[in-house]
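Below are the chains, spelled out letter by letter.
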Amino acid sequence: MTAKNKKRAMRIATILGLAYLLPNLLGFLVFTAGPVIFSFGASLTNWNIMNSPPLEFVGFRNYQQVGQSSQFWTFFINTVYFMAFSPVGIVGSLVVALLLDSRLRGMTLFRTLLYLPSFTAGVAIMIMWKGLYNPDHGLINACLRGVFDLFSLPFQGPGWLQSTQNLMGLHPEKIAFAVKDIGLGAREALVFMGFWAGLGGGNMLLYLAALTNMPDELIEAASLDGAGPWAVFRHVKWPQLAPTTFFIVIMSVIGGFQGGVDSAQVMTGGGPAGTTTTLAYHIFRKSFVEYQFGYASAVAWVLFAIVFAFSGLLWKFGNKETNY
Amino acid sequence: MKGSIAKGAFVYTALVGLAIMSLVPFFWMLFTSLKPLSEVESGSFLPKDWRPGNFQEVFAQIRFGRYYLNSIFVASWVTYLTCLTSALAAYSFTRLEWKSRDFLFRVYLATMMIPGVVTQIPGFAIIVNLGMPDTYAALIVPSAFTAFGVFLLRQVMLGVPKALDEAARIDGANSWQILWEIVLPLSRSGIITLAIFSFMGNYGSLIGPLIMLKSDGLRTLPVGLTFFDSKYGSQTNLLMAASVMSIIPRLILFIVGQKHLVKGIQLGAVKG
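First to last, the sequence lines map onto chains P and X.
Under the numbering used here, think of the first position of the first sequence as 1, with each following residue one higher.
Under the numbering used here, think of the first position of the second sequence as 1, with each following residue one higher.
Excised from the complex, chain P in its bound form (with noise of 0.2 Å):
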């Protein structure tokens, strides 16, 4: 073949590649990687619909005000708040994997239980538990209330959705501490809801994936030289599932930054005292409630540098322990 003819073969190789590639690529142009660069544009505005005020360059002004904005910081420590708890998540899950892998009859069965809650999420279990969460005839506070009397002890429930308190006793308003604000609150009904719907869902599969392909003969020869089932565990399991942590820890972190929306919408309206408003759900509002376009953007941005730095270190840090 000669070059010419090469080069010909190679420009139709490319054009019919494209042409296979083209429907998604043109709504992947329009929809996602357009909107991106469109989205820094606006950053960069005082675009906002509703006072529309002349469209102006503002050039950083938007994220300075983010910056200084102390509602900002706020909802930055609610997102990280509820992040917090996320390891306990992870730690079910795997624990519930180790259960699901002890290779008994009904594992598949349990499998499937397990793993309703999560395959069912969505605004109907949200508006389920706001039933559950109901101080007054939610079922949560009428078996606490149960567990106490039976103790014959005074019952005061926590008011789950509709209370400010928190494990950390944290202000609502102020970045301080007290003790009268330590309690059972919104953040931490959807913490539990959370708990509930993640831990048989999609974690728990990839580890009892990653459980269920390792070789037997590893934990076989382990547990012949007397290592008991914590030993097997902490030396041959667990290093073993480092890749798989460590991605369910770069989605978690991801996913975390990003979370809250459709809770907060459904659930709390991102209060009480805007406790349950995370940096997503703060930039919906500010967005398609307020209509500050320009501003949200600049909020929007912050959030995927934020994003970007975390999972950029966790990889740069995460990976060096995975392989060793």
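Just so you know, the hints here were simulated from the structure itself, not pulled from any lab data.
It cannot be assumed that every hint is accurate.
What the hints assert, rightly or not - Straight line, CA to CA, 27 Å or less: simulated DSS-like cross-link-like pairs of lysine-lysine: (1) X:Lys162 - P:Lys7; (2) X:Lys7 - P:Lys237; (3) X:Lys259 - X:Lys162; (4) P:Lys237 - P:Lys316; (5) X:Lys162 - X:Lys99; (6) P:Lys6 - X:Lys99; (7) P:Lys7 - X:Lys99; (8) P:Lys6 - X:Lys48; (9) X:Lys263 - P:Lys237; (10) X:Lys162 - X:Lys263; (11) P:Lys4 - X:Lys99; (12) X:Lys231 - X:Lys214; (13) X:Lys259 - P:Lys237.
Unchecked claim - The following residues of chain X were derived to be distant from chain P, with all beta-carbon distances above 10 Å: (14) Tyr80; (15) Arg101; (16) Gly123; (17) Gln155; (18) Gly159; (19) Pro161; (20) Asp165; (21) Gly172; (22) Leu184; (23) Arg250.
C-beta atoms are modelled at their ideal positions from N, C-alpha and C, and glycine is treated no differently.
Put chain X on the given structure of chain P with help from the hints.
Coordinates of chain X only, in the frame set by chain P:
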């Protein structure tokens, strides 16, 4: 063997406990949906006076049937378009050799990291400028081109042996025939997985439709339920009846597609 009996007892006890915790909320929801409102406050778990009529009452109060159809209509279209465009793109990324193919794929992958909130406002502005706000198209079109779908199906197609298409090529098949007659049938299970994910994701999506819609007649179930909740939130029994009905399609899909789902979640996690 004593140790293994103890271990078995421990595993079963723990799992039964967890299963009860997973299922009790569902039963509470179901039983609450069958109670008269006066009994909801009394706090007994089972209804004394069974009211299956609550389910009909939901249809009387909101256009629940309409929301149902809207959700299924929108989710079906998104699923169909996602599977089609993703399959074509994945075929191009795995089977055809062309310039800057791998570079472009990396761009796709990179955009999967961008938070959805970044593209929310421009997405809305584009739909408005295309003259499509408050239409079905506003719900379908922006969701039909996911990088995730391309990523997942690429992963699947990499597992289909290339020797098969070479054999077909020698027999005179062109790339279009190879795609439809060899690669796609062999990627069936991956496509079913993507279809389930994409249907579920769209069936449940709240914020997108909330942003795009104004008319009651176009509302999907999540939007309709949220609306019902905020307007008539005190009717806990009816809310639960509506919630029960809206998870039924999910339950059906769950029972039918469980095998594919488990596989798909594991496939999606394989690093590209």
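Okay, the hints, checked on the actual structure:
1. X:Lys162 - P:Lys7: Answer holds: Lys162 of chain X to Lys7 of chain P is near 24 Å, not above 27 Å.
2. X:Lys7 - P:Lys237: Holds: Lys7 of chain X and Lys237 of chain P sit about 18 Å apart, inside 27 Å.
3. X:Lys259 - X:Lys162: 26 Å, holds
4. P:Lys237 - P:Lys316: 23 Å, holds
5. X:Lys162 - X:Lys99: Holds, because 20 Å separates the two Cα atoms, which is no more than 27 Å.
6. P:Lys6 - X:Lys99: OK: Lys6 of chain P and Lys99 of chain X at ~13 Å, within 27 Å.
7. P:Lys7 - X:Lys99: 11 Å, holds
8. P:Lys6 - X:Lys48: Outside the cut-off at roughly 81 Å; violated.
9. X:Lys263 - P:Lys237: 22 Å, holds
10. X:Lys162 - X:Lys263: Given that 27 Å is the threshold and the Cα spacing comes to 22 Å, the pair holds.
11. P:Lys4 - X:Lys99: Measuring from Cα to Cα gives roughly 16 Å; hence the hint holds.
12. X:Lys231 - X:Lys214: Within the cut-off at roughly 16 Å; holds.
13. X:Lys259 - P:Lys237: OK: Lys259 of chain X and Lys237 of chain P at ~25 Å, within 27 Å.
14. Tyr80: Nearest chain P Cβ is 12 Å from Tyr80 of chain X, so the label holds.
15. Arg101: 6 Å, violated
16. Gly123: At roughly 6 Å from the nearest Cβ of chain P, Gly123 of chain X sits no farther out than 10 Å, so the non-interface label is violated.
17. Gln155: Non-interface label on Gln155 of chain X holds, nearest chain P Cβ at 14 Å vs cutoff 10 Å.
18. Gly159: It holds; Gly159 of chain X is separated from chain P by about 16 Å at its closest Cβ, greater than 10 Å.
19. Pro161: 20 Å, holds
20. Asp165: 14 Å, holds
21. Gly172: Holds, since 17 Å exceeds 10 Å.
22. Leu184: 12 Å, holds
23. Arg250: 5 Å, violated
Checked against the numbered hints above, the structure breaks hints 8, 15, 16, 23 and satisfies the rest.
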